[in-house]
Each structure stands twice: as C-alpha cells, then as structure tokens.
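**Student:** Position 156 of the sequence shown, counting from 1, maps to 156 under full-length UniProt numbering, and the rest follow consecutively.
Some hints could be false.
Distance condition first, Cα-Cα at most 30 Å in a straight line; then the derived BS3-like pairs of lysine-lysine [unchecked claim]:
hint: 1; residue 1: 25; residue 2: 232
hint: 2; residue 1: 215; residue 2: 36
hint: 3; residue 1: 232; residue 2: 132
hint: 4; residue 1: 94; residue 2: 68
hint: 5; residue 1: 68; residue 2: 25
hint: 6; residue 1: 25; residue 2: 94
hint: 7; residue 1: 25; residue 2: 63
hint: 8; residue 1: 187; residue 2: 100
hint: 9; residue 1: 100; residue 2: 200
hint: 10; residue 1: 215; residue 2: 61
hint: 11; residue 1: 25; residue 2: 247
hint: 12; residue 1: 68; residue 2: 52
hint: 13; residue 1: 94; residue 2: 232
hint: 14; residue 1: 223; residue 2: 101
hint: 15; residue 1: 61; residue 2: 247
hint: 16; residue 1: 101; residue 2: 132
hint: 17; residue 1: 200; residue 2: 120
hint: 18; residue 1: 247; residue 2: 232
What follows is a list of derived Cβ distance ranges for each label pair [as the list claims (entries may be wrong)]:
hint: 19; residue 1: 221; residue 2: 126; range: 34 to 42 Å
hint: 20; residue 1: 80; residue 2: 148; range: 46 to 54 Å
hint: 21; residue 1: 150; residue 2: 35; range: 43 to 51 Å
hint: 22; residue 1: 156; residue 2: 125; range: 34 to 42 Å
hint: 23; residue 1: 245; residue 2: 16; range: 19 to 27 Å
hint: 24; residue 1: 226; residue 2: 75; range: 36 to 44 Å
hint: 25; residue 1: 57; residue 2: 160; range: 32 to 40 Å
hint: 26; residue 1: 67; residue 2: 222; range: 41 to 49 Å
hint: 27; residue 1: 36; residue 2: 16; range: 14 to 22 Å
hint: 28; residue 1: 71; residue 2: 166; range: 33 to 41 Å
hint: 29; residue 1: 150; residue 2: 246; range: 38 to 46 Å
hint: 30; residue 1: 66; residue 2: 125; range: 42 to 50 Å
For the record, the hints were derived by calculation from the structure and aren't laboratory data. Each residue gets a CB set at the ideal place from its N, CA and C atoms; glycine is no exception.
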Amino acid sequence: VRQEVKDTKVEDDSFYLLTLAAVAKELKRRGLAEAKGFLAVGLPLTRFGAEKNDFIKYLTKNKRVSFKYENEPYYIEIDDVAVFPQCYAAVVDKIPTMAKKTLIVDIGSWTIDIMPVINKSPDESECVTIPKGLITCMRSINEQCVRQLNGEVDESEIQNIMRYGRSDIDDEYFAIIKAEIEDFVDKVYNSIREFGYNLKTTPIVFVGGGAVVMKNFGSHDAKNISYNLDVKANARGYEQLATMGLKSTKRLS
Numbered sequence: 001v002r003q004e005v006k007d008t009k010v011e012d013d014s015f016y017l018l019t020l021a022a023v024a025k026e027l028k029r030r031g032l033a034e035a036k037g038f039l040a041v042g043l044p045l046t047r048f049g050a051e052k053n054d055f056i057k058y059l060t061k062n063k064r065v066s067f068k069y070e071n072e073p074y075y076i077e078i079d080d081v082a083v084f085p086q087c088y089a090a091v092v093d094k095i096p097t098m099a100k101k102t103l104i105v106d107i108g109s110w111t112i113d114i115m116p117v118i119n120k121s122p123d124e125s126e127c128v129t130i131p132k133g134l135i136t137c138m139r140s141i142n143e144q145c146v147r148q149l150n151g152e153v154d155e156s157e158i159q160n161i162m163r164y165g166r167s168d169i170d171d172e173y174f175a176i177i178k179a180e181i182e183d184f185v186d187k188v189y190n191s192i193r194e195f196g197y198n199l200k201t202t203p204i205v206f207v208g209g210g211a212v213v214m215k216n217f218g219s220h221d222a223k224n225i226s227y228n229l230d231v232k233a234n235a236r237g238y239e240q241l242a243t244m245g246l247k248s249t250k251r252l253s
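With the hints as constraints, model all of the structure from the sequences given.
**Tutor:** If you want it as structure tokens, here you go:
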C-alpha cells in the first residue's frame, strides 16, 4: 500500500503499525517473541516541540500489545517512550568533530530536515523542515509514467533505482524515473540555495535514506559535500541518546 505524506505522525495508525513492525524485526533478530521495551523514536526537527507529547501518547495508547507480524505472534510491554529530533540524531556522534559551520540535510520518506551546526551545536533558529521527502518523488515518478506510458512502476523497483542508480527495466520507463529523480535532487539543492547557503563553499552532509539518491543522481560533486549512507543513522542516534538519558537518570536517582 502506498504511503501518503502526513501532516503529523499521529493522524492515523500508519506510524503505529510501522513502529510495531520495526519492533517485531528487532525481536526476530534477537530470537525473541516477547519483551519489555523502551521506545526511542524521532520527529521532524521543526515539529519536535509541538508534537512530542502527542506522539508519546500515540505510541503508549496500549502499554501491552499482542500482534502478528509476517504470521509470527509477538507480545510487548512498552515501559516508556523517548522522542528525539530527526536529523540531529543522525549526526549526534559526529557533531563534536565538526570544526566549521556545517549544514546537515536529512532526506527521509516524508520530510527533508535542514539543520545548520555552528560551533559544534545545532542552530535551532535556522532549522527548516520541508514536507517533500522521497515519497513525493516516487509519487511524481508514477504520475509521469501513467501520463506518458499509461503504466505504473512497482515502488520497490523505484527504490532499487534510487539505491543503485541503474536498472534493467524498459528504457522508456527508466528514462522517466531517472529524469524525475534528477528533478527531485535539483529541487533539494535549490531549497538549500534559497535558504542562503552557498553550494560550493558550505560543508554539506546528506543523511537519511535520501543521501544515496543525492550521491547517485546529484550534479554537485564538490569536496564540500559528503554523504552518510547509513540508512539507520537516525535510529542509531535515537538509541545513543536514549542510552545517555537513561544513564543520566540513574545517576540522579
């Protein structure tokens, strides 16, 4: 089922179900079917303050949850939920090494977060969230495919092209997909420029699932631009921040 862009993460059950699926995958990886859990999750930078409390209520509406994932039963008890800003979490371990003003651009499924780091600290007053992530790009690809060729392309195929930059699908479809992805990449760079950043001199780090898209399809191959291709960078950051928070709480108690 195609996911549409959401105004918030709590307007329907989509994110709740995605969270349960992620928990199930983690339990399966550890060979478990049930567990007590502490959820560390994220929200877009500029919506963090306004939506944090609602998101915690949303994820803790059922403290005990029995569910099935890929026909396997799971049971979890949610002890607590900690929410952190996306983008910041993806680079939290790298910020101490950023000697110069650096721009972090986190391209996710739903949003693009732009965060300047100045003097090794995020400048919250200049953070921007753009509600046009990879899902909008995938949607425009299939709109063009239908308009020009009267057929859609499976989203898993589009994701593979984004990830690897190539495909063995029909040339006409590939040309449309490539053109739409390049247009998406150009729009990202234009947004960065519109917010006053010099694409040739500002150190820019792309993170999130879209970092590989910028690397594969971007036209700006300059030494000031780098890419963190770890698609789990935000998740690792949430875990690190949650662990730090729990240790701090234990020291104070």
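**Student:** So the hint says 42 to 50 Å: do the beta-carbon atoms of residue 66 and residue 125 match that?
**Tutor:** holds, 45 Å
**Student:** Look at the Cβ atoms of residue 150 and residue 35 and judge whether their distance stays inside 43 to 51 Å.
**Tutor:** This hint holds: roughly 48 Å between Cβ atoms.
**Student:** Decide if the proposed pair is consistent with the structure: residue 187 and residue 100, CA atoms, cutoff 30 Å inclusive.
**Tutor:** holds, 25 Å
**Student:** Per the hint of 34 to 42 Å, is the separation of the Cβ atoms of residue 221 and residue 126 within bounds?
**Tutor:** Violated: the Cβ-Cβ distance is about 26 Å, outside 34 to 42 Å.
**Student:** Does the Cβ-Cβ separation between residue 71 and residue 166 fall within 33 to 41 Å?
**Tutor:** At roughly 34 Å between Cβ atoms, residue 166 and residue 71 fall inside 33 to 41 Å, so the hint holds.
**Student:** Is the hinted pair residue 94 and residue 232 satisfied, with a Cα-Cα distance of at most 30 Å?
**Tutor:** Holds: residue 94 and residue 232 sit about 15 Å apart, inside 30 Å.
**Student:** Straight-line Cα separation of residue 200 and residue 120 no greater than 30 Å?
**Tutor:** Since the Cα atoms of residue 200 and residue 120 sit roughly 21 Å apart, the hinted pair holds (cutoff 30 Å).
**Student:** Return holds or violated for the Cβ distance of residue 67 and residue 222 against the range 41 to 49 Å.
**Tutor:** Distance hint for residue 67, residue 222 holds at roughly 47 Å.
**Student:** Verify the proposed pairing of residue 94 with residue 68, using a straight-line Cα cut of 30 Å.
**Tutor:** It is violated: about 37 Å lies between the C-alpha atoms, which goes past 30 Å.
**Student:** Below or equal to 30 Å on CA atoms is what counts here, so check residue 100 against residue 200.
**Tutor:** holds, 15 Å
**Student:** With the threshold set at 30 Å, check whether the alpha-carbon distance from residue 68 to residue 25 stays at or below it.
**Tutor:** holds, 11 Å
**Student:** Would the pair residue 68 and residue 52 pass a check requiring their Cα atoms to be no farther apart than 30 Å?
**Tutor:** Distance of about 27 Å is within 30 Å: holds.
The earlier numbered hints that this structure contradicts are 2, 4, 10, 19 and 29.
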